[in-house]
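A.B. asks: Take a look at the letters that make up each chain.
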Amino acid sequence: MTAAAWGQLALFSALVLLTTKPLGVYMARVFEGEHRPFPRILGPFERFLFRLSGVDPSVEQTWVRYAASVLAFSLFSLLVTYVILRLQGFLVFNPQKLAAVDPALAFNTSASFTTNTNWQAYGGESTMSYLSQMAGLAWHNFISAAAGIGIAIALARGLTRRRAPDAPRTLGNFWADLIRATVYVLLPLSLLFALLLVSQGVIQNLSAYREVTTLEGGKQVIALGPVASQEAIKELGTNGGGFFNANSAHPFENPSPFTNLVELWLIFAIPAGLTYTYGRMARDTRQGWAILAAMAVLFLGGTLVAHWAESRPNQALASLALDHGAGNMEGKEVRFGTAASALFATVTTDASCGAVNSMHDSFNPLGGLVPLVNIQLGEVIFGGVGAGLYGMLIFVILSVFIAGLMVGRTPEYLGKKVESREMKLAMLYVLIFPLIILGLTAWASVTQWGTSSLNNAGPHGLSEMIYAFTSGTGNNGSAFAGLNANTTWWNTLLAVAMLGGRFLMIIPALGIAGSMVGKKVVPAGPGTFPTNGPLFTFLLVSVVLIVGALTFFPALSLGPIVEHFAGLAGKVY
Amino acid sequence: MASTTRELSLFDPSIVRPAIWDSFRKLSPREVIRNPVMFVVEVGALLTTVELIHDLVTGQHSAPLWFTALVSLWLWFTVVFANFAEAVAEGRGKAQAASLRKMRKDVEARRLVNGREESVPASSLRKGDIVVVEAGQYIPGDGEITEGIASVDESAITGESAPVIRESGGDRSAVTGGTKVLSDRIVVRITANPGESFLDRMISLVEGAARQRTPNEIALHILLVGLTAVFLFACVSLVPLAVYSGVKLSTTAVVALLVCLIPTTIGGLLSAIGIAGMDRLLRKNVIALSGRAVEAAGDVDTLLLDKTGTITLGNRMATEFLPLAGVRIEDLADAAQLSSLADETPEGRSIVVLAKERYRLRGRELGQAEAHFVPFSAQTRMSGVDLGRRVIRKGAVDALARHAESLGGTVPQEVGDIASRIGDSGGTPLAVSEGARILGVIHLKDVVKGGIKERFDRFRAMGIRTVMITGDNPRTAAAIAREAGVDDFLAEATPEAKMRLIREEQARGKLVAMTGDGTNDAPALAQADVGVAMNTGTQAAKEAGNMVDLDSNPTKLLEVVEVGKQLLMTRGTLTTFSIANDVAKYFAILPALFVGVYPEIAPLNVMRLASPYSAVLSAVIFNALIIIALIPLALRGVRYRPLGAAALLKRSLLIYGVGGLIVPFVGIKLVDLVVAALGLV
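Residue numbers (the numbering used here), protein chains in the order written: chain A, 1 to 573; chain B, 1001 to 1681.
Rather than coming from a laboratory, the hints here were simulated on the basis of the structure. In this text the structure is predicted, and so the values were computed from the model without any measurement. Just so you know, even glycine gets a beta-carbon here, dropped at the ideal spot from N, CA and C. Please note that the accuracy of each hint is not assured.
As the list claims (entries may be wrong) - Here are the simulated lysine-lysine pairs, DSS-like style, with alpha carbons at most 25 Å apart:
1. 1284/B <-> 1127/B
2. 1127/B <-> 1094/B
3. 21/A <-> 97/A
4. 1284/B <-> 1356/B
5. 520/A <-> 1669/B
6. 1510/B <-> 571/A
Said to hold, decoys possible - Distance windows between CB atoms, simulated:
7. 1243/B <-> 318/A: 22 to 32 Å
8. 1673/B <-> 545/A: 45 to 55 Å
9. 447/A <-> 1608/B: 53 to 63 Å
10. 1599/B <-> 195/A: 29 to 39 Å
11. 455/A <-> 1599/B: 17 to 27 Å
12. 1474/B <-> 58/A: 40 to 50 Å
13. 1673/B <-> 64/A: 33 to 43 Å
14. 1677/B <-> 545/A: 47 to 57 Å
15. 1602/B <-> 321/A: 23 to 33 Å
What the hints assert, rightly or not - A short list of chain B residues far from chain A (calculated; beta carbon distances all over 10 Å):
16. 1193
17. 1416
18. 1601
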């Protein structure tokens, strides 16, 4: 790694760490505080939305009601988007006169944006009208992220609340959490950063596409649109759906190394801040830092491997007499280079964002393995906004259960006993993920529907299919590329994967919150299993790696791993 | 519990031989299905066996016959080994149950009906029947003595050969069926229906028949089943992926991978660990009436310990004579000794001994003629002797003051001063008077058991709070609490106060353990999370508690807690070990499966195993052998160390987590070397 690469990593890590506490404190005030911040500016807006929607924020919900609200709201918003996409030809803000989106693709896309996945089986500039982009899709970037934050806060409430045994077992109000996350967190921050991005050259307009004459005298159509307003929330909400097909590799989305750094920070900002919010709620900020530390260890590990792999020559070109000093530049932007591309790939897959500034398909096998493993670990390395925290908390509960017995007490977390019911729900959460990914990949690999979309044969083709289902189920949305996913079969099954990967996992997570919230709290003592120190961080990292990696290792060994060894022997696919 | 069975070593032939037979009998699917992890192994073994037969019959095979045959064999062994672990754990209990069953002879009972005696078989006795038992006869069933007093040989239950006194009324009225009356005649009201007696319950408990999975065991089971399902997906989905990749996987290879990945080590040993935990208590002569109680013992946060018998030796000792001004100390010692000559309580004897040793006063034999002994009574709260015209009394300070005043004497201020000084130091003052004159005060001191302070220190390190319960006044209690090193005390304790304390602790989320024997302890025993009833206690106490200590030794509560912790730790360490093992197994099996089609993957074979077949076989053999190797650990439990949780965790993670990563690499390589040396490769 070059000094510049190390410097970039250090700068990025410092930025994330510096903002963790202030953002965490801010969000703790938003969701749990007596008085919310900016009462004069945001207060009236919040109250207006409550009045408009008829929500009484003081009415708390049980886990069943909370989950039902999430599901009802998501179903409704999915349908709205589906309708907009199908009818876009008749609607306004369509200067390019783009026709209705095909049903399977419309289903796939609305599922994708509802689940905060932002998997895109289409090219934005050639498929979506401006209305579809803004009212159909960008809207989801806010609300699916806000819903994720709400669920994480609900689980945190379940784990940290100390209630009298006969008190109602409630977790807060989903509608209030949804509105507050949007009004206080996502809107102000994305407004601020949209302006910053505009100042750096990201475009923002509603003009028709422009035809220009290139230097060689040829004609080229330049796609335009309201990009900056979507760019900030794309990262901040870990959505990842690019305005353009090239996503953050496109100069109008991500013009410079500076905007690249800003976008990277935007991806990790809220997931990191939420760990501090969680520590606050647990009345012991070290609980939050221990979780953040585990995330950081996994992030740094992934980054270093990706960096190392990408700084080596592309396996397909290694044997040619070329200058390999720049590393594997295939599929990467020159303004970013291998270091910023590897870092972006790691961050975007750690955090279930899915924005890309380079093509993961063209990474060396081990470089491509990192994004794949990052998602397969369950999107818990910072993870999606909210989703990362609640996913990691499930792993915390598993870790406490597996190793907690070793101190000679039945397992407990934050003073609450972890018992059969929580184990059942946690195992359900853990099971769904490999079931969907491995089941669907296995099906795809032996059917014409699946394999006919592949660009590459052999292990690399397998990697493309595993990546697609992993990205969908993990609600990441980044694409390995090299796979034509816009077929009815792929659109439908990926939509199923995305919906399953989001909602089938939210239900057990909220179920755990519901059963933990009413539990008696045993005060901590010297005999209590410590969950706020380096030892626990180590344990948590091991459990995430073992549970995640062991599940997918057999499949991966037929994909990127075999490809890596074959590449070393000079064989490429 | 005959003491012979208690001495059995872990692998005594008398346990191992039937266990071997049992471990094959338990192969029946109906038995195995209770343990889903092992059931998957059994189905896997069946599948590979079917493949073997298919290969033998058709003559076409994808893998060498020896490979399929050996893998099948070792898969069956894996199930057998897990069964063996359980059978050995049950074995000791079965041996004990057998010896207990011998006691359950069907004796003739002499039932009283309307005052008339009739002879009926003991097995027909119902709750509420009244029976008569005389010297030399067996007590026909559990009951309460309603009339009489007798010495009873309870060695059959407790292993203690000295007879115990049982009498009607009070806390010593319970008798157990199957024990033998040695002297006198008692009338017993039967309190248990046939099949529900203490002996019956004990038999079913030690035999494991009544064993139900405990809450934590169930939760752990869910984790293991969940992991098994995850690996089942991983292995089943590998088949189509392999087809895509052009790799031909034999059933045997997939099953081998699956069995190696699912947590067979902890899955196979889990029930043995639970049984062994109950058994360890049994060897300490404590019967846990439910496995849940053993688990709760590990979680206990607060121990309520009766002062007398647990913290201090059961009796107080006279340590000093404190005469009032103007009284010679020898006169006080003489009066004290005379007043105690007939006092057979340990306190009384200690006064006689102190006077003899310190002041060379000989114990005198006083005949009934010259001396009239006045025994202690709860009304007067004093005892003594009338020796001619000398009226010598000793007793509680206030009682004696009233006695002296009633005889026209006065009570000097000094008496109260001395008494409160003694009280402050944790002692009990006992005043001595002759006639209307108070001579002085005897200092009776509680003697704290040796080593108890260190023991409490260990508990503190583990985060367990100890609370001493005593009827003493707060001053005395504080002094003893200080000396014994308990964290807190409850003085002037009444059953209600005790109950309140338990409720308060529980309201703060704490788990409470206590011991008790009296009927008035019963509500508290029932309320406590772990209630250890003394076997000498009343039937009510024994029914209220969830453990019975056959030795009736209250100090044992401490060991009960340690056994509980050991049980939980053993589960945790073996779970961690089992999961950590998987990493090495991947590195053994996966390269072996794919190296045929992708020879480039060979570097992943980090153990340099001799051949793909030997690699898979070695992993399967290691996976089976590790169960056998860990049986002693599962049955004995991991060694318990009184460290704080953080230190304990670090240690266990290092040994069983990191160890669990490394051991299989070494183990599989060793097995592979043997397989290769046998020329099987």
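A.B. asks: If a hint holds in the structure, say so; if it doesn't, say that too.
C.D. replies: Each hint, compared with the structure:
Distance check on the hinted pair: residue 1284/B and residue 1127/B sit about 31 Å apart at the alpha-carbon level, beyond 25 Å; violated. Between residue 1127/B and residue 1094/B the CA atoms are separated by roughly 28 Å; this puts the pair beyond 25 Å, and the hint is violated. Pair hint residue 21/A plus residue 97/A does not hold up; C-alpha atoms about 47 Å apart against a cutoff of 25 Å. A distance of roughly 40 Å separates the Cα atoms of residue 1284/B and residue 1356/B; the hinted pair therefore is violated under the 25 Å criterion.
Between residue 520/A and residue 1669/B, the direct Cα distance comes to roughly 49 Å. Violation of the 25 Å bound is thereby established for this hinted pair. At roughly 64 Å between alpha-carbon atoms, residue 1510/B and residue 571/A are farther apart than 25 Å, so this suggested pair is violated. Separated by about 31 Å at the C-beta atoms, residue 1243/B and residue 318/A satisfy the suggested range of 22 to 32 Å. Under the hint 45 to 55 Å, the C-beta atoms of residue 1673/B and residue 545/A, about 30 Å apart, miss the expected range.
Under the hint 53 to 63 Å, the C-beta atoms of residue 447/A and residue 1608/B, about 38 Å apart, miss the expected range. The supplied range of 29 to 39 Å is broken by residue 1599/B and residue 195/A, whose beta-carbon atoms lie about 57 Å from each other. Residue 455/A and residue 1599/B have their C-beta atoms about 25 Å apart, which keeps the hinted 17 to 27 Å range intact. Distance hint check for residue 1474/B and residue 58/A: the Cβ-Cβ separation is about 48 Å, which falls inside the suggested range of 40 to 50 Å.
Between residue 1673/B and residue 64/A the beta carbons are some 58 Å apart, a value that contradicts the proposed interval 33 to 43 Å. Separation of residue 1677/B from residue 545/A is about 35 Å and departs from the stated range, judged on CB atoms against 47 to 57 Å. Evaluation of the 23 to 33 Å hint for residue 1602/B and residue 321/A yields a pass: the beta carbon distance comes to about 29 Å. Once the 10 Å rule is applied to beta carbons, residue 1193/B is consistent with being away from chain A; the minimum gap is 33 Å.
The claim that residue 1416/B lies off the interface holds: its Cβ sits roughly 42 Å from the closest Cβ of chain A, which is beyond the 10 Å cut-off. With a cut of 10 Å on Cβ distances, residue 1601/B falls inside the contact zone with chain A, its closest approach being about 5 Å.
Checked against the numbered hints listed earlier, the structure breaks hints 1, 2, 3, 4, 5, 6, 8, 9, 10, 13, 14 and 18; every other hint is satisfied.
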